[in-house]
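*Asks:* So the chains spell out like this:
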Amino acid sequence: MLAFTLRRCLYSVLVLLGVNAVTFVLFFAVNTPDDMARMQLGRRITAEAIERWKAQQGYDRPLFFNEHAPGLSKLTDTVFYETTARAVSLDLGRTNEGVVISEELSHRVVPSAMIALPVLALVVTSSIVAGLGLILFRATGFERAGVIALVALMSISTLFFIITGQYAFARVMQLTPISGFVAGRSSALFVALPVAVLGLAYLGPEARLFRAVFLEELGKDYVRTARAKGLSEFGVMRHVLRNSLIPIITSSGLLLPVVFTSTIVTESFFTIPGLGSFAIEGITQQDFNIVRAVVFVGSALYILAFLLTDLAYGWADPRVRLR
Amino acid sequence: MKPVVLWTDAVLFLQVIAALLYGWRVARTPHMAATWSQTFKDPGGAAAATVLAVFVAIGLADSLHYRAALVTAPGEAPAYSPVTMSLLDRFLVRQLNGTEASYSAPLATRLFEKRTQVSEGVVLRDYPRLAHAGLNLTDPAAQWRRDVFGRTAIGIVAGLAAAACLAMLVAALFAHRSGIGIVQAARQIAAGRTSYPLRAVLAAATALCVLAGTIGVLAAEYHVFGTDRVGNDLLALVLKSVRTGLVIGTMTTLVTLPIAVGLGLAAGYLGGVVDEAIQYVVTVINSIPYVLLIAAGVLILLVYLDTHPEQFQTAAERTDIRLFFLCVILGMTTWTDLCRLVRGEVLKLRELDFVQAAHAFGVPAARIMRVHLVPNLMHVILINVVINFSSLVLAEAILSYVGVGVDPSMASFGTLINTARFELGRQPVIWWTLATSFSFMFTLVLAANVFADAVRDAFDPRAARR
Chain B
145 MLAFTLRRCL YSVLVLLGVN AVTFVLFFAV NTPDDMARMQ LGRRITAEAI ERWKAQQGYD
205 RPLFFNEHAP GLSKLTDTVF YETTARAVSL DLGRTNEGVV ISEELSHRVV PSAMIALPVL
265 ALVVTSSIVA GLGLILFRAT GFERAGVIAL VALMSISTLF FIITGQYAFA RVMQLTPISG
325 FVAGRSSALF VALPVAVLGL AYLGPEARLF RAVFLEELGK DYVRTARAKG LSEFGVMRHV
385 LRNSLIPIIT SSGLLLPVVF TSTIVTESFF TIPGLGSFAI EGITQQDFNI VRAVVFVGSA
445 LYILAFLLTD LAYGWADPRV RLR
Chain F
187 MKPVVLWTDA VLFLQVIAAL LYGWRVARTP HMAATWSQTF KDPGGAAAAT VLAVFVAIGL
247 ADSLHYRAAL VTAPGEAPAY SPVTMSLLDR FLVRQLNGTE ASYSAPLATR LFEKRTQVSE
307 GVVLRDYPRL AHAGLNLTDP AAQWRRDVFG RTAIGIVAGL AAAACLAMLV AALFAHRSGI
367 GIVQAARQIA AGRTSYPLRA VLAAATALCV LAGTIGVLAA EYHVFGTDRV GNDLLALVLK
427 SVRTGLVIGT MTTLVTLPIA VGLGLAAGYL GGVVDEAIQY VVTVINSIPY VLLIAAGVLI
487 LLVYLDTHPE QFQTAAERTD IRLFFLCVIL GMTTWTDLCR LVRGEVLKLR ELDFVQAAHA
547 FGVPAARIMR VHLVPNLMHV ILINVVINFS SLVLAEAILS YVGVGVDPSM ASFGTLINTA
607 RFELGRQPVI WWTLATSFSF MFTLVLAANV FADAVRDAFD PRAARR
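Residue numbers (the working numbering), protein chains in the order written: chain B, 145 to 467; chain F, 187 to 652.
Hint data in this document are derived by calculation from the structure and do not stem from the laboratory. From a predicted model like this one, the values you see are computed outputs, not experimental measurements. Built from N, CA and C at the ideal position, the CB exists for glycine as well. One thing to keep in mind: the hints can contain errors.
What the hints assert, rightly or not - Listed next, the in silico DSBU-like pairs over lysine-lysine satisfying Cα-Cα at most 35 Å (straight line): (1) Lys364/B / Lys534/F; (2) Lys227/F / Lys364/B; (3) Lys534/F / Lys227/F.
As the list claims (entries may be wrong) - So the derived list for chain F, only partly shown, Cβ under 7 Å to chain B, looks like this: (4) Val470; (5) Ser473; (6) Ile474; (7) Leu478; (8) Ala481; (9) Ala482; (10) Leu485; (11) Ile486; (12) Ala583; (13) Ile584; (14) Arg607; (15) Leu610; (16) Phe624; (17) Phe628; (18) Val631.
When you get a sec, could you build the whole thing from the sequences and use the hints?
*Replies:* Right under this line is the structure:
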């Protein structure tokens, strides 16, 4: 398993390099270093000032290929190589305003995690409960109504939940703040609404999936055996749950990066200073280092989620061998 | 009149033609016809298909674009209006031309806000009468209720009458085909004892007829769903949003399919280095948060649009090209899921005897893929296409919020919901934009989801566990 983890880590480095290349290409296809300088220094600006800014930020070289440099430094004396090399040595650089990004990230990861992790926990537990509840009452009107409600829930835009949630709970009932974030004890109040909204948004598809998984397990022979030897319905469900762990883990693992992505939208809706709003800032301010840093975190999270799911398979089902 | 074919129009109609060709092929292939008829034998699926058909009809009517001819002096070359209209606009002339000054509530006769008016030399601050609604009423306060209720009643009756005619027609056809009396046929339909769920279809059609009748009769005199900040009729906006949703939901899939199926086939069947490389690309693309990927793509597109204004004759062409490339960008970033599914399915298929035999006979890989693999992948692809439709319609709303969706001037559910966001913060609350766009979007997505479920149950019976 150690070899497996090691190999996966090496592969993640490869993937991160690819992510870096894609981000670089996309970003510099939109903004030239000249644009970035003008964005920073204002529209009316001399050519010398732009050159000075570019030299200061290290953007005064060619992007990919330096014709004028000798030998191998044709490739190394470029913006791409320079930024990539720094990122590989885990130096994410500074924003255009000079803030150290890794420090900024460490501040911003807190609110993001305070949304993403509870959402994940909420969605997984409530979906399991809902799925189990539905199959306990299978082939009744309750189940039919429940399934219809889940499909309806899936058909509602997250934006609708956000807007009506803000209106009902924050504006009318004044239970939570409308938006914003304050660290410390009251922070739970600020993330309550985003967490509830996102949890509701993912409940539909997940609960439906879990219900299908449970139903499939219920048709298996061991369930019939368990019932035949007189096990209570509760006991049967315990076995079913244990045997359904693999698909549950798979979908929960896939959910982690999805939740991270949707916090990008949610955070800017609730003006929460997390990673997502950092990304939007980076885009609007044409700051490559910010965008790249957030994309890095996002992809690292994705890779980590996959690694964790694979490791969790081994825990859930000892027959799984990780090679 | 000069017909205008926008890019997305062309694609939409090509899709319709492709769908018709596919339907023709299905009808001639017994096993495919059997599976598809399974989809429509599901009451939910059949009812959802009825609702979807209405949305598609609205969308297609909104895709027949033209530019009206302007009046010119005789002998002069004909000139055309710079405004691109669609067939749907013809039906919405009253709504599109009847712009008010600002917000007005659904079915209102007066503006939502007070305005300073000067009448007979007296300055008055009051809610002014709307310019294009309730003009038939001399005293709105006294007559409004009567008028609205009367119109609603007429609309419901008209809708019911239309639905009754339709039901009679269906019953007559059913009676003719099964060789029984029309009364008996009607009884069988009402009892749900027909091979296709005619009852569910007719119920959905009745609901639609009543709704359309009511809205139609009321719309002749009022803004049924109210007006937005600049006084545009919301009914027109929301009907025009349907096309945007349809284009995004279907066209994106069109972009996704060749990439996903091609790469999935190659990865699954060829294996080895090809598989590794494709898997690597999939992982890289998947691991970048898709909102950021799409944002980058759209920003590139905007830069291009800004620097090449000469390529677009009308504003409609410009917004259309943005929609077109938004679909392309969405497709380029969302193909990875289907690619994974296809690869997994191919891995299973390639071990089967008939594929092994074809390989042993020396059939080239390309031919094996085309003849033996693709037909057996159809169910995976089809299920994915219908399931993706609803999530794409939902994604459009989110992207428009982030500012990387369709052009802000284009009517879409996303732009509507976006404006609603600020309106709920006002006092008094303006709720009708959100309510209207939400109910139309919800109906479209719900119908798509229910239909997708029916398709999945028919094509993948193992997944159908009811």
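*Asks:* Please go over all the hints and tell whether each is borne out by the structure.
*Replies:* Hint by hint, here is what the structure shows:
About 23 Å separates the Cα atoms of lysine 364/B and lysine 534/F, which keeps this hinted pair within 35 Å; it holds. A threshold of 35 Å between alpha carbons decides the hint, and for lysine 227/F with lysine 364/B the separation of about 28 Å falls inside it, so the pair holds. Straight-line distance between C-alpha atoms of lysine 534/F and lysine 227/F comes to about 30 Å, which keeps the hinted pair within the 35 Å bound. Hint status for valine 470/F relative to chain B: holds, with the closest Cβ pair at about 4 Å, below 7 Å.
Nearest Cβ of chain B to the Cβ of serine 473/F: about 4 Å, under the 7 Å cut. The hint holds. With a cut of 7 Å, the hint placing isoleucine 474/F at the interface with chain B holds, because the nearest CB-to-CB distance is about 6 Å. At a threshold of 7 Å, the smallest CB-CB gap from leucine 478/F to chain B is about 6 Å, leaving the interface hint in force. Because the closest C-beta pair between alanine 481/F and chain B is about 6 Å apart, less than 7 Å, the hint holds.
About 4 Å separates the beta-carbon of alanine 482/F from the nearest beta-carbon of chain B, less than 7 Å, and the hint is met. Checking leucine 485/F against chain B by beta carbon gives a least distance of about 5 Å; that is within 7 Å, so the hint holds. Given the 7 Å rule on beta carbons, the hint for isoleucine 486/F holds: about 5 Å separates it from the nearest Cβ of chain B. With a cut of 7 Å, the hint placing alanine 583/F at the interface with chain B holds, because the nearest CB-to-CB distance is about 5 Å.
Using the Cβ-Cβ criterion of 7 Å, the hint placing isoleucine 584/F at the interface with chain B is satisfied: the shortest such distance is roughly 6 Å. Among the interface hints, the one on arginine 607/F holds; its C-beta lies about 5 Å from the nearest C-beta in chain B, closer than the 7 Å criterion. Satisfaction of the interface hint for leucine 610/F is found here, the shortest Cβ-Cβ separation to chain B being roughly 5 Å, below the 7 Å cut-off. This hint holds: phenylalanine 624/F has a C-beta 5 Å from the nearest C-beta of chain B, less than the 7 Å allowed.
A distance limit of 7 Å between C-beta atoms decides the matter here; for phenylalanine 628/F the minimum to chain B is near 6 Å, and the interface restraint holds. Contact between valine 631/F and chain B, as hinted, is supported at the beta carbon level, the nearest pair being about 4 Å apart and thus within 7 Å.
Violation of the numbered hints given earlier is absent; every hint is satisfied by the structure.
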